[in-house]
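Protein chains in written order, with my numbering: chain D, 2 to 229; chain A, 14 to 139.
None of these hints come from the bench; they were simulated from the model.
Any given hint might turn out to be false.
[What the hints assert, rightly or not] Straight-line distance between alpha carbons at most 25 angstroms, and here's what the computed BS3-like set of lysine-lysine pairs gives: (1) D:Lys158 <-> D:Lys188; (2) A:Lys121 <-> D:Lys101; (3) A:Lys95 <-> D:Lys155; (4) A:Lys121 <-> A:Lys42; (5) D:Lys158 <-> A:Lys121; (6) D:Lys158 <-> A:Lys95; (7) D:Lys206 <-> D:Lys63; (8) D:Lys155 <-> D:Lys206; (9) D:Lys206 <-> D:Lys188; (10) D:Lys155 <-> D:Lys188; (11) D:Lys188 <-> A:Lys95; (12) A:Lys95 <-> A:Lys121; (13) D:Lys225 <-> D:Lys63; (14) D:Lys101 <-> D:Lys225.
[Claimed, not checked] Taking CB as the label site, the calculated pair distances span: (15) A:Gly73 <-> D:Glu74: 37 to 45 angstroms; (16) A:Ile78 <-> D:Glu181: 36 to 44 angstroms; (17) D:Gln216 <-> A:Gln67: 49 to 57 angstroms.
Just so we're clear, the structure is a prediction, and the values are computed from it rather than from any experiment.
C-beta: ideal position from N, C-alpha, C; glycine also.
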Amino acid sequence: MHQTFDAALEINLLHANQDGADHNRAHFEEWGIVCVNLMSSPGAGKTQLLERTLQALNPECKMAVIEGDMTTELDAERLRQYGVPVIAINTGRACHLDSKMVAGGIHSLSHEHDPASLDLVWVENVGNLVCPAEFEVGEHAKVALLSVTEGEDKPLKYPIMFREADCLIITKTDLTPYLEIDLERIKANVRQVNPQVPIFAVSTKTLEGFEGWLQWVRQLIVQKGVCV
Amino acid sequence: MHETDMTRALILTLQDWWESQPEPPTISKVHLTVGNFTCVEPASLQFAFTVQTQNTFLAGAELVIRETPLIAFCHPCQKEYKPDIGVQYACPDCQSPMEDIRSGRELKINRLEYALLGQPQIQETL
Numbered sequence: 002m003h004q005t006f007d008a009a010l011e012i013n014l015l016h017a018n019q020d021g022a023d024h025n026r027a028h029f030e031e032w033g034i035v036c037v038n039l040m041s042s043p044g045a046g047k048t049q050l051l052e053r054t055l056q057a058l059n060p061e062c063k064m065a066v067i068e069g070d071m072t073t074e075l076d077a078e079r080l081r082q083y084g085v086p087v088i089a090i091n092t093g094r095a096c097h098l099d100s101k102m103v104a105g106g107i108h109s110l111s112h113e114h115d116p117a118s119l120d121l122v123w124v125e126n127v128g129n130l131v132c133p134a135e136f137e138v139g140e141h142a143k144v145a146l147l148s149v150t151e152g153e154d155k156p157l158k159y160p161i162m163f164r165e166a167d168c169l170i171i172t173k174t175d176l177t178p179y180l181e182i183d184l185e186r187i188k189a190n191v192r193q194v195n196p197q198v199p200i201f202a203v204s205t206k207t208l209e210g211f212e213g214w215l216q217w218v219r220q221l222i223v224q225k226g227v228c229v
Numbered sequence: 014m015h016e017t018d019m020t021r022a023l024i025l026t027l028q029d030w031w032e033s034q035p036e037p038p039t040i041s042k043v044h045l046t047v048g049n050f051t052c053v054e055p056a057s058l059q060f061a062f063t064v065q066t067q068n069t070f071l072a073g074a075e076l077v078i079r080e081t082p083l084i085a086f087c088h089p090c091q092k093e094y095k096p097d098i099g100v101q102y103a104c105p106d107c108q109s110p111m112e113d114i115r116s117g118r119e120l121k122i123n124r125l126e127y128a129l130l131g132q133p134q135i136q137e138t139l
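The shape of chain D in the complex, shown without the other chains:
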């Protein structure tokens, strides 16, 4: 037998990821960039929200996208038509982006473009309501999306994502007439776990409610003191 030693670590299990996230954030801040992490289940409308947002805020705000996708570049190609730099990160079988993958994205971004000219970097996470909530990537704000077709109970079933969100977008509200869904019920369920979170009910088709979301983004940028 050998002597057994005891090392008290008392550190977070995700310490290595957290270190990487802090490192990424330091890069963003050095360049005067605000980073927003977009998260939702697959098909909630992250890419569509981004398309409309890029359209609305470009060129008022200089943006780039770091796009996480399990196998394809489809989403990245959709976003490139809006004239902003899009870095695709192929996550392979990983079900979320971690800080190391995003560091790779930042590296590409800083080589292919001038990062100091940017105001805002969107990180579109892999569609998943579970893991992305626990893995920080260096963002200044987490935005969670929930489409009306997913049901009212999702905030109760996947509470961590909704607890961690700094902003919640309820998407596809143009579909509500066809569904038995109560928007107020969704909001109440979100508020159970995150009472103060700003909630925007948005249709990217009719653009109803969209201005409120854009105002939130503008305010975030002003708060961080980088763009006009």
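Position chain A against the provided structure of chain D, taking the given hints into account.
Leaving out everything else, chain A in the frame of chain D:
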């Protein structure tokens, strides 16, 4: 199974510690605290850890997981309560939303037990 990625994150964190040691220790036990209000399922974590540590510096190490319940604190009632995960998080008495979490969000590596194979000392502690 997202515990695969959680385990990889755990291994990376442990590797940082392991590489910082003057001589490579043999880790026998890893003590974790995993809260019930996290995205981690302890049984899946155990399984993933066993599989993913094969042929690594952690091969054969045992994962000891202490689970902590979700406990929230209701300010209007000035008392703690246990939310019913998946069903209701608001205070059962006054329906105030869950603001403060006192327990359940832990994802922590508390301590490691390890041996230094260079050491001839025979002693069983812990």
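Against the structure, the hints come out as follows:
no., hint, result
1, D:Lys158 <-> D:Lys188, "holds (14 angstroms)"
2, A:Lys121 <-> D:Lys101, "holds (20 angstroms)"
3, A:Lys95 <-> D:Lys155, "holds (20 angstroms)"
4, A:Lys121 <-> A:Lys42, "holds (14 angstroms)"
5, D:Lys158 <-> A:Lys121, "holds (23 angstroms)"
6, D:Lys158 <-> A:Lys95, "holds (16 angstroms)"
7, D:Lys206 <-> D:Lys63, "holds (24 angstroms)"
8, D:Lys155 <-> D:Lys206, "holds (23 angstroms)"
9, D:Lys206 <-> D:Lys188, "holds (21 angstroms)"
10, D:Lys155 <-> D:Lys188, "holds (11 angstroms)"
11, D:Lys188 <-> A:Lys95, "holds (22 angstroms)"
12, A:Lys95 <-> A:Lys121, "holds (21 angstroms)"
13, D:Lys225 <-> D:Lys63, "holds (15 angstroms)"
14, D:Lys101 <-> D:Lys225, "holds (24 angstroms)"
15, A:Gly73 <-> D:Glu74: 37 to 45 angstroms, "holds (41 angstroms)"
16, A:Ile78 <-> D:Glu181: 36 to 44 angstroms, "holds (41 angstroms)"
17, D:Gln216 <-> A:Gln67: 49 to 57 angstroms, "holds (52 angstroms)"
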